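Q: Go ahead and model the full structure; you've got the sequences and the hints to work with.
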Amino acid sequence: LEVMTLSVSDEEVSVLRRTIVLLGQDHVLVTRFDRASVLQLIVDFARRLTVVMPPGQFVHPPVVAPHEKAIFAVELDMYGLDTVPPVGEAAGASAVIKTADEWLAVMKMTDKKIAVAPSLLYKSSRDTFEYPSFLNKVVGKSGLLFALQDGPTHRFGAFIDGPLTPPDDPTQANIYKVPVFLYSLSGAYETPTKIELPEDRQWV
Numbered sequence: 001l002e003v004m005t006l007s008v009s010d011e012e013v014s015v016l017r018r019t020i021v022l023l024g025q026d027h028v029l030v031t032r033f034d035r036a037s038v039l040q041l042i043v044d045f046a047r048r049l050t051v052v053m054p055p056g057q058f059v060h061p062p063v064v065a066p067h068e069k070a071i072f073a074v075e076l077d078m079y080g081l082d083t084v085p086p087v088g089e090a091a092g093a094s095a096v097i098k099t100a101d102e103w104l105a106v107m108k109m110t111d112k113k114i115a116v117a118p119s120l121l122y123k124s125s126r127d128t129f130e131y132p133s134f135l136n137k138v139v140g141k142s143g144l145l146f147a148l149q150d151g152p153t154h155r156f157g158a159f160i161d162g163p164l165t166p167p168d169d170p171t172q173a174n175i176y177k178v179p180v181f182l183y184s185l186s187g188a189y190e191t192p193t194k195i196e197l198p199e200d201r202q203w204v
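Residues in the sequence shown are numbered consecutively from 1, following the UniProt record's numbering.
Don't read these hints as lab results, they were simulated from the structure.
Note that the coordinates shown come from a computational prediction; the quantities given were computed from them, not determined experimentally.
There could be a bad hint or two in this list.
[What the hints assert, rightly or not] Heads up, simulated PhoX-like pairs for lysine-lysine below, C-alpha to C-alpha not over 25 Å straight-line:
{"hint": "1", "residue 1": "K141", "residue 2": "K177"}
{"hint": "2", "residue 1": "K177", "residue 2": "K112"}
{"hint": "3", "residue 1": "K112", "residue 2": "K141"}
{"hint": "4", "residue 1": "K194", "residue 2": "K177"}
{"hint": "5", "residue 1": "K98", "residue 2": "K141"}
{"hint": "6", "residue 1": "K141", "residue 2": "K123"}
{"hint": "7", "residue 1": "K98", "residue 2": "K194"}
{"hint": "8", "residue 1": "K112", "residue 2": "K123"}
{"hint": "9", "residue 1": "K137", "residue 2": "K123"}
{"hint": "10", "residue 1": "K112", "residue 2": "K137"}
A: This is the structure in structure tokens:
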């Protein structure tokens, strides 16, 4: 069943698509739903957010042409929707990855299907700069995204697709191979950019 929903005088009105199709292919309601690509994207996005996906599931917003982004954001707001990834504390607490577009760009760089909202494991201003504090937060975790800022313009980081394994002796080093890439959000490049490393340089 295809359920169509519109907001009329602050009230949500739902109807089955097969019902309005009876009005004829040229009827304004039918053409509004069938030919308005932005509205179709909104309806599909709303379904995935509220009906199909379980709570906490990461829902990628639809891809919209650059010239349609502004109107898409306005129409989403009309229906109480937002493309900000549901990363909860991670999004609200990050001073480095600031916008929904930046979050989406970095997540896309990982080449992974992200099914669970990311969480903020460690923040230096919250958890202190102490080495034990950092390790206690991240040891045993995998898929680690580091976000750093240098001055007012340069924001960058790294993604480690594996766990951090500290040495048995904290005064020693533990070096091992693990998939890793760097990224830049601002300063070095005009747009969020993934910086690939040669395979023989991917280690921690």
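Q: All the hints need checking, so say for each whether the structure fits it.
A: Outcome of the hint check:
1. K141 to K177: holds (16 Å)
2. K177 to K112: Given that 25 Å is the threshold and the Cα spacing comes to 19 Å, the pair holds.
3. K112 to K141: Roughly 16 Å between the alpha carbons, so the hint for K112 and K141 holds.
4. K194 to K177: Given that 25 Å is the threshold and the Cα spacing comes to 20 Å, the pair holds.
5. K98 to K141: holds (24 Å)
6. K141 to K123: holds (15 Å)
7. K98 to K194: holds (17 Å)
8. K112 to K123: holds (24 Å)
9. K137 to K123: Since the Cα atoms of K137 and K123 sit roughly 10 Å apart, the hinted pair holds (cutoff 25 Å).
10. K112 to K137: holds (23 Å)
The structure agrees with every numbered hint stated previously.
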